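Visitor: Now for the letters of each chain:
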Amino acid sequence: MSHTTADAAHHPALQHHFDTLEQQQNASTFGMWTFLVTEVLFFGGFFMAYILYRWMYNASFHEASHELNVWLGLFNTAVLIGSSLTMALAVRASKTGERSQLVMFLISTLVLGGVFLGVKVVEYAEKFSHHLVPGPHFQFHDAALKNGAEIYFSLYFGMTGLHAVHMILGGFVLVPLIVMAARGKFGPAWYTPIELFGLYWHFVDIVWIFLFPLLYLM
Amino acid sequence: MPAVHYLNATHGPASWFFTRDHKRIALLYLYSVSAFFLVGGIFAMMIRLELATPRGDLMSAETYNKAFTAHGVVMVFFFLIPSIPAILGNFLVPLMIGAKDLAFPRINLLSWYLYMAGALFGVAALVSGGVDTGWTFYTPYSTAASNTHVVLTAMGAFIAGFSSIFTGLNFIVTIHTMRAPGMTWDRLPLFIWSHYATSLIMMLGTPVIAVTLLMIVLERTLRLGFFNPTLGGDPVLFQHLFWFYSHPAVYIMVLPGMGVISELIAAFSRKPVFGYKMVAMASLGIALISFLVWGHHMFTTSQSVLAAVTFSFLSFLVAIPSAIKVFNWTATLYRGSVLLASPMLYALGFIGLFTIGGITGLFLAAIGLDIHVHDTYFVIAHFHYVMVGGTLLAYLGGMHYWWPKITGRLYSEPWAKTSAVIVFVGFNLTFFPQFVLGYMGMPRRYHAYPVEEVSWQVLNLLSSAGASILALGLVLPAIYLTYSAFWGRPAGPNPWGAYGLEWDTTSPPPTANFEVTPIVTKPAYYYAPEEH
Amino acid sequence: MGGTFRLFPEQASTMAGRVDNLYFFMLAVTVFFSVLVATLVVVLALKYRRRKADEVGANIHGSTALEVIWTAIPLLISMVMFVWGTSVYFALAKPPAEALEVYIVGKRWMWKAQHLTGHREINQLHVPVGTPVKLLISSEDVIHSYYIPAFRQKIDAVPGKTTTMWFEANKPGSYQLFCAEYCGTQHSGMIGKVVAMEPREYQQWLTAGAPAGTLTSVGEQEFATLGCVTCHNDRDNARGPSLAGVFGKPQQLANGTTVMADDAYLRESILNPQAKMVQGYQPLMPTYQGQISEDALVTLLAYIKSLDTPGATHDAATPAGTH
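Just so you know, the protein sequences line up as chains A, B and C, in that order.
My numbering numbers the first residue of the first sequence as 1 and each following residue consecutively.
My numbering numbers the first residue of the second sequence as 1001 and each following residue consecutively.
My numbering numbers the first residue of the third sequence as 2001 and each following residue consecutively.
Please keep in mind that the hints were generated in silico from the structure rather than gathered at the bench.
Given the structure is predicted, the values throughout are model-derived calculations rather than measurements.
The beta carbon of each residue, even a glycine, is placed where N, CA and C say it ideally should be.
Some hints here could point you the wrong way.
[Said to hold, decoys possible] So the derived label-pair ranges between C-beta atoms look like this:
(1) A:Glu67 <-> C:Gly2248: 55 to 65 Å
(2) A:Pro176 <-> C:Ala2058: 50 to 60 Å
(3) A:Met180 <-> C:Ala2264: 54 to 64 Å
(4) A:Val173 <-> C:Lys2094: 53 to 63 Å
(5) A:Gln139 <-> C:Lys2094: 42 to 52 Å
(6) B:Gly1012 <-> A:Gly184: 29 to 39 Å
(7) A:Met180 <-> C:Ala2058: 55 to 65 Å
(8) B:Pro1013 <-> A:Thr20: 27 to 37 Å
(9) A:Leu85 <-> C:Met2260: 47 to 57 Å
(10) A:Glu67 <-> C:Asp2262: 48 to 58 Å
Please take these sequences and the hints and turn them into a complete structure.
Guide: Spelled out as structure tokens, the structure:
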């Protein structure tokens, strides 16, 4: 990086150890991409376990997945894709400096995320009442398939739970971003936090795009 | 010494616990990592004291099992993995590339807090009775049979893992985006290359152990059945997930050490490391192949013949880049100007001991031989040769070499040389007999061993005696280095006459590292006669 | 009693010598390279020691020729080790066809051996010298490992699986048996002896504590007690396939694929029947997971393996001359 002159009056967001805002932006974006790579590996362990047990207990998995409500899952998938759309629009609004649009799209993303989590609560509650939570109280209508079904639901709760945790953490980060956006902190000169959050949110969406067919449709 | 530097620029506990200065964060790690090294060492002494006699008469079997587990967990997760990257890496990476700090200073501080939080869980587990699964947590023992604090310990390792991930992330982004003008990739010190390779492993491997530990915690608390055969799970799946990280992890432990050795050999021969490009590429090669060999920990689990042979072949391959490095370091001495200062003694010791440790790894890669020595003291001797004879020696060598830069003061060289020799002798006496014990058939994690095997007791006694000597050799630096930090002679910017950006600034450096951003025009390790 | 002082384990099996030869080769390579590197380091460090404070070394960057040499030679040596190690492994992993089978069950913290003759042993295993012995090993609880240093063999005992290991003792004696996978509190107490006897002494041992029934006859009783025979029989309208002659033959599955009916298949079909359903039958079989002890399961496996195709003479795998 050969930036020889530092800005005389630099942007308030420029941190002291970077020479220019551009360098800082490059570093931050690179950092988020590398973090997302680690997240792929993190979820990867669960996906490996799913693949193995699916192969071992194909009949049980197929039968157990009938307990899930495909329509709720489809609805949630649409909601999450919608939230990625609003997030992408938010990033665009931040780049062009349209403050009210930015705030509106960020709030929409948060709301849609909340809807997704609400539906998950409904789904989880249904599992509880049908004794489909793995552990000592697990019941399954087909005794021969019970073990495989219990493993299926372990993976279901583990993977969707981890996904939900990521969404909740995302929601917690989104709130201060909305506040900062409302105060006009983001514009063409600096919109990095919105862009980075967008990357994270799209990743969380993509994980769901894999979870939905594996858990609901197969 | 400069009047104002990073140590005295600001005062008070808040200026340390909320610092963003990578150098101060490195020191925070130094204190906590050293404390855990002491804890892990105490457990080692307990083990060696018990094994000096065949009967399990010093402590109960439960206590012994908890002691070796604690020794492993503490040494692996709270000493070996963080030590060089979090202390020397944090301190030196920005300095060596001419930057003012790492890319994400706040995340760097977060990394230290995550380490401390993970350590807190670990201490909590210890204090409330310990855990007895071995640091490898094999299922179904750890999830269905052990009645010790598995969840607390697993959570501790889980949290500490994120410290590792964020450190790796910070290093990668920093090395890519914050090099000073003229610091091209082919001018980077080999310390940076090896930390880059290490960071790749940290970032790609650690998340897998994180999710595996999470699955253990879920299985234990909610009685799920991922790894429990009575519920239809597969206990060997755990081993695959565990070793997928834990094998590359051992290269997280040794690659930074190799980076240190490159710096020491170059500085104390005053010439470039022989085969710079090969050594840099070898680091990346080790990082890549390290992800492909995990099955060599599982040759006796009745994996398929094809899998076993594939893992064996790749395990032999991963040794080649390490061999290349050893020969390049040795060749660097040729026509050098060699000074046998204390850091160099550690470096040369590393070369010899790592050679032995590395080749004994090949014994384990040969399946026909591994079947006999797997889970015996042969394996223990192998990994202590590379971890202690390798990583620990590199850590000590690096700490001595950069001590004047970190503290601004010189330590006592006679004491340092003496300690290095004591460590070398004590180490070999401790671990060499264990190769013999292992081939004889002494299994690992044994609280007691057959009385009628007289040679076993002789070898164990030698090993325990060596451990006392090693302990002495390790206590001494704690004393004289600490003493020198307060009362040592001022070091000046470059007491060793070495080449590197870190030596172009004061000792200790100012908070912003350099008064003026350096501009690099020379290759790494440039010792042309007219410059000195 | 006086102890034994040796720095090397006894060679008591046909494979021990081969393993040791590989070990000696690798030891020689280690010594050679360690001495070479150590000598070079010491000689070079002394020969080129710094004589003046401001002296620097020669500005040498490298040598492609040397890099090629010290890459190629270690690679070559590694490949020799790999091929040698793999060859020894193939021999260790493949039991001869006519091996004497013994079932081993590990549980915390003891080793139970069940001979086909019905003899049971705890923490001991009597075997004849000069006959290949194949151990079929499983675990009742956690992972253990059956290790006989004098035979240079070990294999893990994994719950939910049957693992196998073989050896042929060639020297009578009493050899250490260790559990080599940490399994909890008394891991170091899970030890015993493998006693190799001359064939004549072995026969005497067999006849001396003759047990009530052979392993396969006990298994036959289990087969009836557990209700297996109600579906798995030779009747025309049997709800399950007849198991006569099943072992060792390929099975056509309902999903069209074919699998070999080996030990793993038999075990899985008892504990997880839906996994590999055979073609032509309804999925009616309940799982026996949790309802059958490892010891009983072992007797079932022995019994099923002894069932020949209808019409063949009944010939359970017992050692010659005994019954």
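Visitor: Decide, hint by hint, whether the structure agrees.
Guide: Now the hints, each set against the structure:
no., hint, result
1, A:Glu67 <-> C:Gly2248: 55 to 65 Å, "violated (40 Å)"
2, A:Pro176 <-> C:Ala2058: 50 to 60 Å, "holds (59 Å)"
3, A:Met180 <-> C:Ala2264: 54 to 64 Å, "holds (59 Å)"
4, A:Val173 <-> C:Lys2094: 53 to 63 Å, "holds (58 Å)"
5, A:Gln139 <-> C:Lys2094: 42 to 52 Å, "holds (45 Å)"
6, B:Gly1012 <-> A:Gly184: 29 to 39 Å, "holds (35 Å)"
7, A:Met180 <-> C:Ala2058: 55 to 65 Å, "holds (59 Å)"
8, B:Pro1013 <-> A:Thr20: 27 to 37 Å, "holds (34 Å)"
9, A:Leu85 <-> C:Met2260: 47 to 57 Å, "holds (52 Å)"
10, A:Glu67 <-> C:Asp2262: 48 to 58 Å, "violated (34 Å)"
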